[in-house]
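4 protein chains.
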Amino acid sequence: MSGNTLGKFFAVTNFGESHGPAIGCVIDGCPPGMALSEADIQPDLERRRPGTSSFVTQRAEADLVEILSGVYQGTTTGTPICLLIRNTDQRSKDYSDIAQSFRPGHADYTYWRKYGLRDPRGGGRSSARLTAPTVAAGAVAKKWLREQFGTTLRGCMTHIGDIAIGFEGWEHVCRNPFFAPVADVSAIEDHMHALRKSGDSCGARLRVSVQRVPAGLGEPLYDRLDADIAHALMGLNAVKGVEIGDGFASVAHKGSMHGDALLPGGSARFASNHDGGVLGGISNGQDLEVAIALKPTSSILLPRPSINTAGQPVEVITKGRHDPCVGIRATPIAEALLALVVMDHALRDRAQCGSAPWRAQNV
Amino acid sequence: MSGNTLGKFFAVTNFGESHGPAIGCVIDGCPPGMALSEADIQPDLERRRPGTSSFVTQRAEADLVEILSGVYQGTTTGTPICLLIRNTDQRSKDYSDIAQSFRPGHADYTYWRKYGLRDPRGGGRSSARLTAPTVAAGAVAKKWLREQFGTTLRGCMTHIGDIAIGFEGWEHVCRNPFFAPVADVSAIEDHMHALRKSGDSCGARLRVSVQRVPAGLGEPLYDRLDADIAHALMGLNAVKGVEIGDGFASVAHKGSMHGDALLPGGSARFASNHDGGVLGGISNGQDLEVAIALKPTSSILLPRPSINTAGQPVEVITKGRHDPCVGIRATPIAEALLALVVMDHALRDRAQCGSAPWRAQNV
Amino acid sequence: MSGNTLGKFFAVTNFGESHGPAIGCVIDGCPPGMALSEADIQPDLERRRPGTSSFVTQRAEADLVEILSGVYQGTTTGTPICLLIRNTDQRSKDYSDIAQSFRPGHADYTYWRKYGLRDPRGGGRSSARLTAPTVAAGAVAKKWLREQFGTTLRGCMTHIGDIAIGFEGWEHVCRNPFFAPVADVSAIEDHMHALRKSGDSCGARLRVSVQRVPAGLGEPLYDRLDADIAHALMGLNAVKGVEIGDGFASVAHKGSMHGDALLPGGSARFASNHDGGVLGGISNGQDLEVAIALKPTSSILLPRPSINTAGQPVEVITKGRHDPCVGIRATPIAEALLALVVMDHALRDRAQCGSAPWRAQNV
Amino acid sequence: MSGNTLGKFFAVTNFGESHGPAIGCVIDGCPPGMALSEADIQPDLERRRPGTSSFVTQRAEADLVEILSGVYQGTTTGTPICLLIRNTDQRSKDYSDIAQSFRPGHADYTYWRKYGLRDPRGGGRSSARLTAPTVAAGAVAKKWLREQFGTTLRGCMTHIGDIAIGFEGWEHVCRNPFFAPVADVSAIEDHMHALRKSGDSCGARLRVSVQRVPAGLGEPLYDRLDADIAHALMGLNAVKGVEIGDGFASVAHKGSMHGDALLPGGSARFASNHDGGVLGGISNGQDLEVAIALKPTSSILLPRPSINTAGQPVEVITKGRHDPCVGIRATPIAEALLALVVMDHALRDRAQCGSAPWRAQNV
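In order, the protein sequence lines correspond to chains A, B, C and D. Note that our numbering gives residue 9 to position 9 of the first sequence, counting from 1, and the numbers run on in steps of one. Note that our numbering gives residue 327 to position 327 of the second sequence, counting from 1, and the numbers run on in steps of one. Note that our numbering gives residue 49 to position 49 of the third sequence, counting from 1, and the numbers run on in steps of one. Note that our numbering gives residue 119 to position 119 of the fourth sequence, counting from 1, and the numbers run on in steps of one.
Keep in mind that a hint or two might mislead.
When chains are identical, the list treats them as one kind, so a pair holds in a single copy or across two.
[As the list claims (entries may be wrong)] With a straight-line cut-off of 25 angstroms between C-alpha atoms, the simulated DSS-like cross-links for lysine-lysine are:
1) Lys197 with Lys319
2) Lys197 with Lys254
3) Lys143 with Lys254
Hint data in this document are derived by calculation from the structure and do not stem from the laboratory.
Hey, can you work out the whole structure from these sequences and the hints?
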């Protein structure tokens, strides 16, 4: 019941701390016979890598992944795949001053309450850096899903702070440092420049969409596909809300309007996708549509009242290198988490229903 | 990796279909030595029972729970507790006409795609009726948490359809059939009467709050407390969104405003609770604050275009007895799910950190 | 991490006590579309039922199984299957006198140490009666394996007390109450009559063999097929030893003699089966050969020194109805456990390797 | 449901292949606050290291363990502990000639059947080398158990080939390369010299004993302490049999003789230990007594008939460096596996029963 493992069959066990010697993960349950090399994984790591623009932390990590096991002569063997990423840029001194005090909104307080001690270097285990192994594992899942079903994943930022970004097209996402689906990001740039000058941080809202998901993935109760998606994404640093399909907007909907009408045709088509691709916890073959809310970075330059480990009042100022908006680099991470959930359920579904004749229509 | 089990240590395995002989669950991992009888469980079942007002389904089920195992002379023995609820009111004929067609927005299509067959009687496994065993198991968790930590859970409805209900006080919740925290529910009654007359349905938004949760519950990555809360609640029928603390409102927040300042004092106190009681996936000792969005009931009396199992166009009208708003009876279910998650993490935390000297301050 | 669940994908959760209202289990993960009724399960329950001969406990239980869920119109739906067996013959008074003292070799002492209390009625949870739900679940697994791969399971008794029974043929097993593979069981009968007269009990050694097991079942490390077989069988009441293939005889073997030579031919054949069908934790397509040792029944009529819950010396005499040799009724239970392990691994293997082209040769 | 993970709460996930860049494991669930460094782990690795005598494989590996995570300033933090061991001595060419053929009694055939491909270098994942991470993880468990309960583990060889070694005392075990509990091992040396000269291999029988195990560890059904011990040890390379207490000798026992009488006294004492410390699947406070049978090494120098991947007959001769008796180095591995099982159950028991007043007597 390892709490640091995601997935029940395609199981990813994550390890490491921000400033330890290395971070990484072990993937157990990967199907054998898939071509895999570091080159399949590195591109996604590049997308979430720090130091790529002036709008994210200036920590400079190469984030080079090394495959330690599970691959022989460029092919997965079916045995556990260990992915290792060495930590190279560690300025522990930046954090020494906050080792004994707690940042408002930061996990350092809760770690201390749970474990009685914590690794203060760069946030230790609670650092967003630990999402790198998740992204690496997600790249493996993405490749298998793409080869098996033609599944594709796309994510973008839809809101940053109080700015609604709007949606012009997926093609814009890779052309700006914000993963924004619009051509002109000058307004976002101005907002972020002003934010950094103020020493403050802001939140963001992201959208992730998955195309060509087989119908039939998910379990009736508890381990529903949408439940596991919510588990994976709410488990991402700073996420405070998750929506499937129309999400909270569904509250004001009428059933006559919300229910997606099924249309006649070879494989089922629908007149709309208010449900975001999941019905009764099981995928219906439509695109999975997921949205998440990320809170503002808790580590900011502005002084704030807090307490220290002795319970005495202190004023906390967080120096060091931090993302003014953790949401900026979260898009590839959210994609990876979604890929891991879909991958896990694809294997679970194959276990239980794999031999059923009607399954053919799913691929 | 049973998909119908909730929790890793306090593990609840749910079984049954709406119109089968019985529904129920098996609780494994319950601590021994706790006084327990049906009288501890029945009250919560009464709160979610159908037929209690003109605003919910008129299906009349006694929903009497029977403890089949795990209790000896009124005390839990530490062995699995099986809770059984017999189905008594089954009008299968009501559903015979829709056995071969699919309701827009309903799980009957996805079950058919996954399993190649389905139990159409009352929605079979996908019926909201299957939340009864969850509520029963939740009552056991609530009792243990209350006796162990003084933990209490409270839920209410905050929106129904396009009506914002507001919050006047918890004392009102038990005085109206909507679990609304207000004295005057006439506006809600009018809304629901009109809705039923129209044959349509609507969504709802609920809030659940947990008091006196020990600090230190949850795991660093993946199995975070908030992640498991999201998993449990997104797994509830019709839920399309989950928020912790300020949820999606956090997007527009500044870090300087969002981070909850810690105040000096014996046990940690905070100046605010934007984070809803969870930091870095671990409880911080504040109240857990959770909100969920439920979509409109998919079974409505209005005719809608759809297809049948042969892929041909049909018009679907759902007769039978349905809740015009599934959110109305969802409050005790959401409380139960939250109790199950907190209970599971309380035991998991005790396993790993139970002997640590600093844990004393947690109870 | 429910400790009362067997299997990770085909997961059987067992509940109940010997003298509670009922015992049973929930099977999660059963493939949909398989014909199933009580008639498929009852025959195996009959084989392990008490009161069938003068050599086993005279407790008279009908052991009628009821399918409460997971089956619709005679076909598995893919949702959890709850199997219920009501307890009908409960003479609690037989056990009242031993409620406060501990039987040497019996679980009542360890339950008391673990839980601080115990259900003394008929041994409560530790009663061999709790193997009935396991047998029922095993019957479901047997049916699926038989239909999917033509897999068959056969068990027999090879030793009882100090009598080596020998092996004349499987056809004899169903013709005597001992599951002995020999035509003449008079020696066994004499032995058991003398044993009962003496008020004592004895142990037994059983063999279980599985034919037509697909090659490729099992995982490289830890969850090996043989490891999970050992887990399942050592978990059976009174079992103190498990062997795969030549077992302990392998110690004195030379590698040149022990290694089973592979022979040319369409699908792999072997010159011998010293390894009992498992190599490196993975099935090789040969018959699975397993042997187990069961200790003597701990509940005997002879007086023995012991202590009570106050730690004071007492003399214990166990009245009531007990099997003089628990091994006699263990054969169908061991078959069921083996079927459950193979079933679980068949589904796990399909999840990971199901789509591989070379898998065709496995069925 | 990762198949390469051992333990449900103290969960050890193993990765790597014999000739890949590295092997290792991730331990999740380790309690925080325990002093830990490589120096606590290396000694056990030395005990199972190859090349230490002329009676084991001459492969020369330093087997230096590196702690990559989960430890800060010499103390466990409660987060996952990754233990890495680099592979340094890899003579892949030794194995190239057998890449396309199958060794009788070796896993290379079953891996090929399961995965459709295999890593032939040094046996890949099936190599006994993969027990090194298990030993490393076991050292962590041993330390915690010793500090918590004073638990100690001791293992020795009792039979090698057809030689019964006997037992003179634990003090001899560390003084000879066979882990034999006798002063004079000349007979064993002669046997092994003759064996190596013949190019053949032999099996072995080991005993492992655990002292000061708290009473109350284990679960009623399925996940019994003895069941999980059998799972862990049968999962060790070459093991074909596992016994608890008197094991197979129990078959010929009478209940009046086998049942261990409880003696009056402060904490329970017993007149004997035929049950090997486990009753009804739960520890009774006596020493755990476990025995295992290991088959002869399958890789031998003698020519044997076999087939190749094309199904054609071939003659196989295994060159390279192999242990003539894998049992020789298995003692520290068996100790580690037993420590991991007891550790896992100690945490699981604390989760469920940790707060019970009667637990004090257990430590």
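### Task
Up to 25 angstroms between alpha-carbons, please classify Lys143 paired with Lys254: within, between, both or neither.
neither (39 angstroms within a copy, 37 angstroms between copies)
### Within, between, both or neither: Lys197, Lys254 at alpha-carbon 25 angstroms
Classified as between; 13 angstroms across copies, 46 angstroms inside a copy.
### Query
Which holds for Lys197 with Lys319 at a C-alpha limit of 25 angstroms: within a copy, between copies, both or neither?
Close inside one copy (14 angstroms), not across copies (61 angstroms); limit 25 angstroms.
Checked against the numbered hints above, the structure violates only hint 3.
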